[in-house]
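Participant: Protein chains in written order, with the numbering used here: chain A, 1 to 144; chain B, 145 to 208.
Watch out, some of these pointers could steer you wrong.
Here are some, though not all, of the chain A residues that point toward chain B, as calculated from beta-carbon distances under 7 Å [said to hold, decoys possible]:
1. VAL8
2. LEU9
3. ILE20
4. ALA22
5. ALA25
6. ALA113
7. VAL119
8. GLU123
9. LYS125
Quick caveat, the hints were computed from the structure, so don't treat them as lab data.
Nothing here was measured: the structure is a model prediction, and the numbers come from that model.
Idealized CB from N, CA, C, for every residue including glycine.
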Amino acid sequence: MNRTRIRVLNWTLVGLGIAILALGAAIAIGISSTGAFPGPWFGRGGPGFHAWGGPGPGQGPGFEPGFRGLWMGMHMAGGLVVLAVIALLTLAFSRRRFHRPVELGGQRHEDDAEGLLRVEFAEGKVSEDEYRGRLAALQDTRRI
Amino acid sequence: MSLLFLAFVALRILGLAFFVALAMRLAAGHRRRTDPGLAALERRFVTGGLDEKEFRRMREVLES
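Starting from the given sequences, assemble the full structure and let the hints guide the process.
Facilitator: Okay, structure coming up:
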């Protein structure tokens, strides 16, 4: 709706995407060069070293279950939990947004005053100054 | 705490921020597409109730 807000969100997404790519590249370089995760592809077990279920193929008896793999798994599961919580909170707080109460050409509900005001302005029943003044008043009273 | 661990944490935070921003962008786009004010304005314009100049000006007002 607000063009400036959409532009800000677009540039935020671009910036975050660049930052994620750069950090991902830095991590990949770090993994391959610093020795924090020794060996090719995250260490002992081979690609990914996700040995939280026990020894993988080619790992003999006495192999210590992969703590790093377990940490990685918990890391991903934690991310999913956080994403689920964010999704639920978003749904809870934006529920009103999904039920657009103003219907064009039909019955109008009065619980979406801003939408009604926009329609009134669009139909020429309210002048620009009046529209801006009422919109400001509506937004001010919502902040209280 | 290794630098790599911190980098993974930062990547996770950035990833979550990306998802949140993406959701907000999609929601803003949805609100813009389903805006009753813009729809009424376009309807008024196509039925001849407004000239183009006035239509553009009012659209700017609604989108500001």
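Participant: Which numbered hints are broken by the structure, listed smallest first?
Facilitator: 1, 4, 5, 6, 9
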